[in-house]
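S.K.: Residue numbers (this note's numbering), protein chains in the order written: chain A, 78 to 415; chain B, 78 to 415; chain C, 78 to 415; chain D, 78 to 415.
Take these hints with a grain of salt, some might be off.
Identical chains share a label here; the pair holds if one copy fits it or two copies do between them.
As the list claims (entries may be wrong) - In silico lysine-lysine, DSSO-like type, Cα no more than 30 Å apart, as pairs:
1. Lys111 <-> Lys254
2. Lys148 <-> Lys280
3. Lys111 <-> Lys280
4. Lys152 <-> Lys383
5. Lys383 <-> Lys111
6. Lys383 <-> Lys280
7. Lys226 <-> Lys148
8. Lys254 <-> Lys339
9. Lys226 <-> Lys111
10. Lys111 <-> Lys89
11. Lys167 <-> Lys148
12. Lys152 <-> Lys111
13. Lys155 <-> Lys226
14. Lys383 <-> Lys196
15. Lys196 <-> Lys89
No wet-lab data here; the hints were simulated from the structure.
Protein chains: 4
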Amino acid sequence: MIVVMRMDAEEKHLNDVVARAEELGFSPHVIFGKERNVIGLVGANVKKDSVCVISEMPGVDNIVPISKPYKLASKEVKPETSIVDVCGVKFGGGEIPIIAGPCSVESEEQIVRSAQMVKAAGAKILRGGAFKPRTSPYAFQGHGEEGLKYLAAARQETGLPICTEVVNPRNVELVYKYTDMFQVGARNIQNFALLTMLGQTDKPVLLKRGMSTTIEEFLMAAEYILSEGNQRVILCERGIRTFETATRNTLDISCVPVVKDKSHLPIIIDPSHSGGHRQYVSALSKSAIAVGADGVIIEVHPEPDKAWSDAAQTISPEHFIQLMGEMRAVALAVGRYM
Amino acid sequence: MIVVMRMDAEEKHLNDVVARAEELGFSPHVIFGKERNVIGLVGANVKKDSVCVISEMPGVDNIVPISKPYKLASKEVKPETSIVDVCGVKFGGGEIPIIAGPCSVESEEQIVRSAQMVKAAGAKILRGGAFKPRTSPYAFQGHGEEGLKYLAAARQETGLPICTEVVNPRNVELVYKYTDMFQVGARNIQNFALLTMLGQTDKPVLLKRGMSTTIEEFLMAAEYILSEGNQRVILCERGIRTFETATRNTLDISCVPVVKDKSHLPIIIDPSHSGGHRQYVSALSKSAIAVGADGVIIEVHPEPDKAWSDAAQTISPEHFIQLMGEMRAVALAVGRYM
Amino acid sequence: MIVVMRMDAEEKHLNDVVARAEELGFSPHVIFGKERNVIGLVGANVKKDSVCVISEMPGVDNIVPISKPYKLASKEVKPETSIVDVCGVKFGGGEIPIIAGPCSVESEEQIVRSAQMVKAAGAKILRGGAFKPRTSPYAFQGHGEEGLKYLAAARQETGLPICTEVVNPRNVELVYKYTDMFQVGARNIQNFALLTMLGQTDKPVLLKRGMSTTIEEFLMAAEYILSEGNQRVILCERGIRTFETATRNTLDISCVPVVKDKSHLPIIIDPSHSGGHRQYVSALSKSAIAVGADGVIIEVHPEPDKAWSDAAQTISPEHFIQLMGEMRAVALAVGRYM
Amino acid sequence: MIVVMRMDAEEKHLNDVVARAEELGFSPHVIFGKERNVIGLVGANVKKDSVCVISEMPGVDNIVPISKPYKLASKEVKPETSIVDVCGVKFGGGEIPIIAGPCSVESEEQIVRSAQMVKAAGAKILRGGAFKPRTSPYAFQGHGEEGLKYLAAARQETGLPICTEVVNPRNVELVYKYTDMFQVGARNIQNFALLTMLGQTDKPVLLKRGMSTTIEEFLMAAEYILSEGNQRVILCERGIRTFETATRNTLDISCVPVVKDKSHLPIIIDPSHSGGHRQYVSALSKSAIAVGADGVIIEVHPEPDKAWSDAAQTISPEHFIQLMGEMRAVALAVGRYM
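Next comes chain A alone, as it looks inside the complex (with noise of 0.2 Å):
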């Protein structure tokens, strides 16, 4: 931690902060610059809030951070990509497995069907929403237990691992029998409750980046459920809130070349939920692949037009198998395979 002193700071100043720190446990080193002064505070396991009462003293300008907030998912900590198994289907490594199926489960026909033709395509864990958290009290808020039951239905019928998501920590156990993958939505990533549970569990977690969560607050919502002794998260870059409406949300395609810079956590694009149209799927999977991800998840629906939920950005079976072939072709030309 380093606390910049103001110009016009006093010697008095400077002493008093110096005296403070040490009081909190900290080694002070001042050093003394030509405009302004500033004092590095060496010692760990200070907390960090009563720490933060230092910027408000006199004469004191700000203050600059110097630990990361997070270790376990640090690349400090294991410099090499984590590769995580999800029944085989390995996130991280030279292959880039795609997951795909509908927004929603709508009836078994409709997900099993689903999960037949996904998987043709060469699709490898299918999605389905079986509990959905919805914007409106009014909307489809999902099938529940029974959505779960078709999924697995699916699984069975295709041998496709299923990923579905999980809104409330009171649904944890019953969603842990059916799934083979958890999914943490974007409006959940700082349900730190959830987080610790899923933490406490030995499947695999898929976390989505919330609307306006930074990747340091990205990669602190995975340490919730990495302390807790889950090692095998996979992140999920989904768009983030921005003013600009052209599209649902704006992908940021950079969080997977910083994410690789920072975290040993292999990490995923969804282009269905960033772009929000279907005729932006195809231009954002590829531009997915290329920049490093290590999986896309497409929306995937027998009949998009009838979809219940997410119509607009969920493409056809013929729109993806197309999409799956040109997903390939860059996935070779930057040296992995799908």
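Please arrange chains B, C and D on chain A, whose structure you already have, making use of the hints.
M.R.: Coordinates of chains B, C and D only, in the frame set by chain A:
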């Protein structure tokens, strides 16, 4: 719902949209314009998602929704401001109640002293967190039920109603036993499981806007509570996330007149979390009163420099007493009182 | 400047950075931390750009600048608030002057009538645009020099000093001949050629914050003017661009206390452009006074519904008269006057 | 234009709006809905500003514009992508040209060497700044005309066309004498005086999106140039300002498919300014190719660590050579070539 056709749309495209809309149960009305045609779709209770698909039909430029997604929160449904009563303290009328207290409940002694001090200065409700949602898993997470008991002791001692946060649907019953008003924090604004449960209780809810929640989504989150039967919702603007980093969040002061224009729900302001620095609390509190807020919630601690959380933005009892006087003057200037 | 090393940085990396910093003319001071080491670099007047490259050296995590990029605008250089005098109207003291008038100068009759009306209500300066920067090339761009002559006629008639926008370095001399205060619009906040020329004149400049300008960049834009020798700069907060669309822009009311904390320059607020709707102008104007702004600039038109530009956010003279009374009450409540 | 009435609007309100619209020259069409009524207004060429006032009439909820504010830039007017030819280098066709070079022109020797190096690697156009818009008045502002002469020398030496920024309407003629393509920087995206002048020249313009410019405003800025008669505009996405600080800006990669959907203008990507760090340049450049960009502009310097500006995001010639190979592979994978 208005369907805007492209300038180069063919007659066939128009006819297809009309046909599809009729299939979906709408009465379509075509308006032939100079540059492009638009189709007005009349007919409520149609699933929004399946309609969205019209936006992807050939010849369609975009779709404009007309109905507001919230109803019970709307001023169109109830033109006069609602008065929400919390144990006799009224929000939404001529009086502007102040909620004050520390960020976290640290000990019985600390919260009782805080309660006595803020009561003496004129605060009407005591705030204090027993369950703390923290960005880092390594930060203090609150005393839990123990903290709720300390809050109850403070109420016993001072007669001030209490307001405390609930972060997990599993704890709604527990918190219910102790609190006079639930607080939903910014991170839980779209924790719909939690909102639904609170809508089924008979205690008022202080609903904080999320960091990236639009005002429309804010009212829809309130709608989750209202639609379950609980009409006692107080909104709280606490700053949104923008590119500006000089403050912890950007206080969206305009949220107050906008909400007053669109909804009957009372709205208060949190100058502590928005500014993030104690030297900004007074200026922002006074602007809150002047802009028409129905209350202010302020972090006050007997010894702010030793607060376990949010120390930098917490003010001292002396500061608070002075600020109460300043806010009173502004309240009178705008025809209200404290 | 502080160089933060990675946790896994080797000794060699540290030594390389120290050596490179010395080459660049710095005195490096290493602080050995528990988790990672940091290097304080002392020595001013080093080109920032060439230093940045240290951030890309092996073993370096990131670089933290310490010096503020602005000097003349800084409160550290001049602790007391500057009073900027515009033909006898003082910004930055106990009085809070109001600037009012139409968005565009439409005709001599319109601007003279506007001037008479706002003067009668108590405004101290007349605003009106002769050169209009418009997002669309097909919108009214202003009357140019003709408009300046009308403004001069209005000043002649009423004695009110005038404030008008200059958008093009080519027109600085022309506008200089007529105006009492230059206005730099939000779109020109980083039009450095224009700022530099205005810095070489001897007339005050009303500098509006850009839609996506941080407060630090805002002060650096002011620095362009100050560093050329013109010390008479008044800042104007007029809303920033965020994800919220209920208002035209998001009024960053906290900008006022932040600027007061960091700079000696006076700052005013524009509630018309930030809110974008006339029904929000009164609430925002009162909050501006309460938060400590040194002035308010309001769009007023004799017949707002017929205004050629910004009609939706322009208020009528009757509305303005009432608002003046309301603002006066708030000014008194915060110990100032109008 | 669609006028949406409030649910509680009275018949009188509706009639008043209809009457006012007719006064303004519209043909109004009322659609009576279940919950609320809407009025379609047919009739182009009406001043948008005076219409806005309808939004403030009693009983009106809001107004929805239907016409796009840009015409010449629209794909509806010209469905096929425009090919913009810069001295034989074509943007918008099957080939993806790369523009490369240093941020600033520092010396004749530096820019000639840069030109030789990037040409050898396969770049088709040389970039380099002679006039630099800098946030700080104390930063290097460019060599001005001297820099333009060095650029001309580099062209002479290598045959590469040159692209350089113009920041001031006063310098358009000067820059015209030397450059093959004007660059308009992000800060000047709404410098309409400059755009208008460039629209009157016969040289192509590389128009960079502003930090907070929506895609619609971006196309309207292009419209300023097109409407003056210059059809040779190339758009450039270079990152927008968001809350995320891990990158200098947030590359809005979706801008490419959105622009392709709405406009016939070619669009390229700048991975250097968006990422802000050289280690992100390769990943972002490849994603640019994959997403369908018509070109990439990259900062390359013979000795990046010694660059006078943007050093941290500038790559070396060796890095550039390798990246060219990687981009070529991705270009082939998406059916294009370099």
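S.K.: Within a copy, between copies, both or neither: where do Lys196 and Lys89 come within 30 Å Cα-Cα?
M.R.: Neither. Shortest intra-copy (71 Å) and inter-copy (36 Å) distances fail the 30 Å Cα cut-off.
S.K.: With identical chains, the pair Lys152 and Lys111 could be close in the same copy or across copies; at 30 Å between alpha carbons, which is it: within, between, both, or neither?
M.R.: between (36 Å within a copy, 18 Å between copies)
S.K.: With identical chains, the pair Lys111 and Lys254 could be close in the same copy or across copies; at 30 Å between alpha carbons, which is it: within, between, both, or neither?
M.R.: Answer is neither; intra-copy 64 Å and inter-copy 44 Å both fail.
S.K.: Given identical chains, is Lys111 near Lys89, meaning Cα to Cα at most 30 Å, within a copy, between copies, both, or neither?
M.R.: Cα proximity of Lys111 and Lys89: in one copy and across copies (18 Å, 28 Å).
S.K.: For Lys155 and Lys226, with the copy left unspecified, which applies at a CA distance of at most 30 Å: within, between, both, or neither?
M.R.: Intra 38 Å, inter 43 Å, cutoff 30 Å: neither.
S.K.: Checking an output row: Lys167 and Lys148, CA cutoff 30 Å. Within, between, both or neither?
M.R.: within (24 Å within a copy, 46 Å between copies)
S.K.: Is the C-alpha distance from Lys254 to Lys339 at most 30 Å within one copy, between copies, in both cases, or in neither?
M.R.: neither (34 Å within a copy, 44 Å between copies)
S.K.: State whether the alpha carbon distance between Lys383 and Lys111 is at most 30 Å within one copy, between copies, both, or neither.
M.R.: between (68 Å within a copy, 24 Å between copies)
S.K.: Regarding Lys148 and Lys280, is the shortest C-alpha distance of 30 Å or less found within a copy, between copies, in both, or in neither?
M.R.: within (21 Å within a copy, 40 Å between copies)
S.K.: How do Lys383 and Lys196 come out at 30 Å by Cα distance, when the copy is not named: within, between, both, or neither?
M.R.: within (21 Å within a copy, 52 Å between copies)
S.K.: Quick one: Lys383 to Lys280, C-alpha cut-off 30 Å, is that within a copy, between copies, both, or neither?
M.R.: neither (32 Å within a copy, 40 Å between copies)
S.K.: Please sort Lys152 with Lys383 into within, between, both or neither, judging by C-alpha distance up to 30 Å.
M.R.: Result: close only across copies, 29 Å inter versus 44 Å intra.
The structure is inconsistent with the numbered hints 1, 3, 6, 7, 8, 9, 13, 15, although it conforms to all the rest.
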